[in-house]
Amino acid sequence: MKKLGLWLFVMALTCGVGAGTYFYFGGNEAVASLDPVAKIEQSEKMKTAKSNDVFFVELEALILPIIDKNGVSQIVSIVVSLEIENKDYVDIVTKLSPKLKDAYIQNMYGALNDKSAFDGKVVQVSMIKRRLNKVTTQILGENVVQDVLLQVVQQRPI
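For the sequence shown, this note's numbering gives the first residue as 50, with consecutive numbering after it.
What the hints contain is simulated information worked out from the structure, not anything from laboratory work.
Derived lysine-lysine pairs resembling BS3-like cross-links, with alpha carbons at most 27 Å apart:
#1 178 with 136
#2 148 with 183
#3 150 with 170
#4 150 with 178
#5 136 with 148
#6 136 with 183
#7 170 with 118
#8 150 with 136
#9 183 with 170
#10 144 with 183
#11 150 with 183
#12 148 with 178
#13 178 with 144
Just so you know, these numbers come straight off a predicted model, no measurement behind them.
With the hints as extra help, turn the sequences into a complete structure.
Here it is, written out as structure tokens:
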């Protein structure tokens, strides 16, 4: 009989704790915590993003081999999008995309075969982005493309 009473007490206690937890936490939605400065900065960014139209031109995937002393050791695939603020430049960038892709491949082909392009065995994404931004400016000129956005960087050993 004592075991049954203890069992009922534990069950009642568990239900009570569960109900109390639900009433304490259950009514509130989860909200990401940001400090007040970050909230203000985020709202300002959203206002400027709404007021300025931004266009994106996605280029075809770049597929580059990594060659070492034994031959091709890896394949790196990169998908690039270009951020353009002026709508007039979208058609120009689209028409020049084959020239851009050629320049990207020429620039990255030698760079990825250099050991400094890797952090351990992983390709350095910041280095890729920096080089692609530089090549884009050389091909299209200043203030045409705001940023080169890396959509996918994928490494596959062979």
